[in-house]
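J.: Residue strings, one per chain:
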Amino acid sequence: MRQTQTINAKDINIIQKKNLMLLLTVVIIVGLIMLASYITEYNHVDGILSIPAAISWMASNLMFSQSTLANLGSVLRLLWETVLISIVATTTASVFAIVFALMGSSLTYLNKPLMYLAKIIASISRNIPVVAWALILVISFGTNSMTGFLALFFGSFGFLVRAFIETIDEGSRDSVEALNATGATYWHTIFKAVLPGSMPQMFSWILFMIETNIRSATLVGLLTGTGIGYLFDLYYKQLNYEMVTLITLAIVLAVLIIEAISNIIRREIL
Amino acid sequence: MQSTVEYDSNGSIKVSKPNRGQTILKWLIIGSAIFTVVGFFLMDYTGLDLTQAIPMTIDNLGQMFLSPSLNNTTWSNALWQVAVTLSLGFLATILGAIISLFLAFGTAVNLSKPWLSNTIKAFITVIRAVPTVLWVLIFAIAAGLGSVAAVIGMIFHSVAYLVKAYSEAFEEVDEGKIEALRASGASYGHILFQVIVPQTKSYLISWTFLRFEINFGVAVAMGAAAGAGGIGYELFMSSSFYYDMQEVGAITLIILVVAIILELIANRLKVSA
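Residue numbers (my numbering), protein chains in the order written: chain Y, -12 to 257; chain E, 31 to 303.
None of these hints come from the bench; they were simulated from the model. Treat each hint with caution, since some may be false.
What the hints assert, rightly or not - Which residues of chain Y face chain E? A few of them, derived with a C-beta cut under 10 angstroms, are:
1) Ile1
2) Leu226
3) Ile256
As the list claims (entries may be wrong) - Calculated pairs, SDA-like style, for lysine to any residue (alpha carbon to alpha carbon, straight line, at most 20 angstroms):
4) Lys179(Y) x Val156(E)
5) Lys194(E) x Ala247(Y)
6) Lys231(E) x Thr149(E)
7) Lys5(Y) x Lys231(E)
Every value quoted in this text rests on a predicted model; they were computed, and no experiment measured them. Yeah, the Cβ is synthetic: ideal placement off N, Cα and C, and Gly gets one too.
In isolation and in its complexed conformation, chain Y is listed as follows (with noise of 0.2 angstroms):
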């Protein structure tokens, strides 16, 4: 009897227990929401507000008037050269990316001085913003394509060699193993098996930059003054909306059709 009832005390403890933590996490996150909101002068009720605002602001402008269509021209060739940007800067990095992801993982590297730099480069190019790799990069490259293909460049290099030394870490190990054990040189190594093994998912991973790609390079092309981002600000500023819709729905129309492309391809490979 008295057994019971000290394993049902304890039992009630323990939910006790896990309603404090609960409060307790709650607390701490509801604390630091308002503190953030104190310092970023961000007000919930404005924030709410602004939903159906901007709804409301896009039905209207949805109706395009003939001389807003007339410029449906101009944007379909800026939003090819940001396509065109963003695919190339994403092949043109993978390269790079697959020699540096062989140095940086730890089945395939050279020796170890090698594989930490191959990692600090990877970190670095990664760790920076695409818009600083723009803002400096405009300084000295100027307003053309040159300036969003490196900056998109520098910010997929980075991010791919992350994504390509855990596709060789997590799909390689045994059959590295077993060429070793048959005594295969290091490239045989790696072109027989490592490659061809993680071939499919770095494809993949290759297409989701390009997907992502082309979102940054709208951000890219706003700060650079290329390609349809520069169209889009340039509007805007001249409060155009119209057009401003228009634009927008062109870069969600061309983002859904490379998703829907990647995906067909996806299935195949895979």
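Since chain Y is already given, all that's left is putting chain E on it; use the hints.
T.: Showing chain E alone in chain Y's frame:
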């Protein structure tokens, strides 16, 4: 006699035959290589002078990283601006996470109806297709440039990202556990908050922190491109108005240090998840 052995063009025996996926991948890689080379010729290079641009970039990078200093602002102000950027990222992440948690209950196929799951997924795909900076600028029309537009705009992308991550974590939960609770007569709320959330807690925290890391970078970008304030705005001012490479360098280094710390924490959480 018919040979069952296939030879390649060099006369050596073929030991493996690529399957459909491998053949497609091979052509895709060849195709993208060609596209890349052609793409370089299609890009617009007006006003580009590489002989000038490359030495100038190297010179700028040298100034930035070898002699960084804050000339137009103070250290305390710079650190305050980092706090502003971190707070913007935090608000967008945590508010997005709360919304995402409930949307993810509706998206995970083992907890929801197919029609609801598909509707939310389609909705999220469209939200994700709009770049964050455009969301922020669109909300700025309604709310004015500033932290409100930035946080709300960033929430949209955070939700799109987190719902996918959360719902995939929920779908991994053992079906038997859910069934056992249903059989014992547990309500929907009990299943969600007594099994699903506790089971996936470490994943949820790890994904949320990963998004916080991303949102820090996004908040820097929004400061530079959409007037959200913070360290991104300082970076924009020093590079586009003062052309002060030493200050750009100092600010970039500050951002770099914060980003690397966040990345290390995110990696630690991911390993323990």
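J.: Could you run down the list of hints and mark each one as holding or not?
T.: Hint by hint, here is what the structure shows:
{"no.": "1", "hint": "Ile1", "in the structure": "violated, 13 angstroms"}
{"no.": "2", "hint": "Leu226", "in the structure": "holds, 9 angstroms"}
{"no.": "3", "hint": "Ile256", "in the structure": "holds, 5 angstroms"}
{"no.": "4", "hint": "Lys179(Y) x Val156(E)", "in the structure": "violated, 40 angstroms"}
{"no.": "5", "hint": "Lys194(E) x Ala247(Y)", "in the structure": "holds, 17 angstroms"}
{"no.": "6", "hint": "Lys231(E) x Thr149(E)", "in the structure": "violated, 26 angstroms"}
{"no.": "7", "hint": "Lys5(Y) x Lys231(E)", "in the structure": "holds, 14 angstroms"}
Against the hints set out earlier in the document, violations occur for numbers 1, 4, 6.
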